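*Asks:* Sequence order for the protein chains is A and B. For the first sequence, the numbering used here begins at 1 and goes up steadily by one. For the second sequence, the numbering used here begins at 1 and goes up steadily by one.
Hint data in this document are derived by calculation from the structure and do not stem from the laboratory. Keep in mind it's a predicted model, so treat the numbers as computed, not measured. Glycine included, C-beta positions come from ideal geometry on N, C-alpha and C. Be aware that one or more of the hints could be misleading.
[What the hints assert, rightly or not] Pulled a few chain B residues facing chain A out of the computed Cβ check, cut under 8 Å:
1) Leu18
2) Ile48
3) Phe76
4) Val83
5) Thr159
6) Val170
7) Gly189
8) Phe217
9) Lys221
10) Asn222
11) Pro223
12) Ile224
[To be verified] Straight line, CA to CA, 25 Å or less: simulated DSS-like cross-link-like pairs of lysine-lysine:
13) B:Lys63 <-> B:Lys155
14) A:Lys46 <-> B:Lys93
15) B:Lys97 <-> B:Lys126
16) B:Lys231 <-> A:Lys46
17) B:Lys202 <-> A:Lys62
18) B:Lys221 <-> A:Lys46
19) B:Lys63 <-> A:Lys46
20) B:Lys91 <-> A:Lys46
21) B:Lys4 <-> B:Lys97
22) B:Lys4 <-> B:Lys63
23) B:Lys3 <-> B:Lys91
24) B:Lys221 <-> B:Lys231
25) B:Lys63 <-> A:Lys62
26) B:Lys227 <-> A:Lys46
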Amino acid sequence: MQPYTTSQALITILIIAGITFFTRAVPFFLFGKKEIPPAIVIYLGKVLPPAVIALLVVYCLKNVSVFEYPYGLPQLISIIVVVILHVWKRNNLVSIFGGTVLYMILVQYVF
Amino acid sequence: MNKKMFQAAISATIPVLLGYLTIGIAFGVMLESIGYNYLWAGLMSLTIYAGSMQYVTVEILSKGMRILDVILITLFINCRHMVYGLSMLDKFKGMGKRKGYMIFSLTDETYALLNSTTVPLGANPKTFYFLIALLNQAYWVAGSLIGSVAGSLIKFNTTGIDFAMTALFVVICTEQWISYPTRIPAIMGAFCALLALIVFGKQNMILPAMLILILLFFIAKNPIENKLNKKANMEVED
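Throw the hints in and build the complete structure from the sequences for me.
*Replies:* Quick look at the structure:
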């Protein structure tokens with residue numbers, strides 16, 4: 001059962017598309033005419049991206065229950081493997097693909 | 001536009017071709033697995049055209065989310081684009097009608113290519129940039145269509161494929177952990193998310209997490225900026 005009707009899903013997608021375009025266009029209509037962006041904007045622009053990504057990692061794991069079987073072990077093992085693969089090869093594809101396949105094997109056959 | 005320029009653009013975008021096909025295919029399979037077919041995949045890749053955001057959109061479509069949360073999470077995930085735009089103000093000047101598309105299609109990968117690729121000798125830079133942007137989106141649309149069609153034809157057990165989103169963010173996080181001048185923002189992001197998850201629960205965590213995060217960034221502005229500047233100065237001295 002999907003939570004959205006077809007038109008709700010359509011509207012949701014278009015809202016996301018509109019806001020995504022907005023975030024890409026903001027600098028051009030704010031600072032297109034040689035105006036220098038305020039310091040606070042530059043500061044937030046620098047520090048927000050790494051913070052939001054870390055926030056999203058936690059958000060992705062919000063359904064993990066550490067107190068009952070399998071205690072988040074499939075996620076933990078797969079994340080460790082993703083990090084090791086990435087530090088070793090520095091190749092996004094290898095890390096994402098390797099980690100996802102491992103996770104699928106773990107949740108389908110092991111745990 | 002001539003054949004030589006087209007070939008140059010193709011060879012410049014090959015790394016993105018490989019990346020977008022793989023991540024696009026995973027996106028298509030994920031979307032198909034929650035009951036949205038290739039038409040939806042195509043629509044999203046044509047109109048949203050942002051990798052991380054489309055992965056999150058799969059999550060939104062499968063679980064349902066209040067519209068205010070949808071708006072906020074989109075703003076926050078994409079706020080990095082504002083930084084990209086700032087460094088493209090000059091590059092996109094005088095692109096006329098194509099400027100709108102250049103802004104729309106400014107993904108992480110296109111941004112990276114526009115910054116690093118040299119324009120072939122004798123080619124019009126504006127046309128070359130436009131071609132790169134267009135090819136990249138073509139790869140992305142192709143990947144998501146292939147993924148969703150494959151997902152509907154080959155009935156394999158897709159349980160766990162949604163981990164691709166977690167893996168994607170873990171990869172970006174690892175990359176930033178290694179290369180970003182200070183780790184404080186990443187630690188603050190994770191801390192705020194955990195705090196909001198514990199206090200407000202998984203249904204309501206996004207908005208409070210992001211508000212606390214902004215608040216902390218205002219409070220810690222001076223120490224963080226010091227760290228950023230210190231690192232920048234050290235690199236200059238090296």
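*Asks:* List in ascending order the numbers of the hints, as given earlier, that are violated by the structure.
*Replies:* The structure breaks hints 10, 11, 19, 22; every other hint is satisfied.
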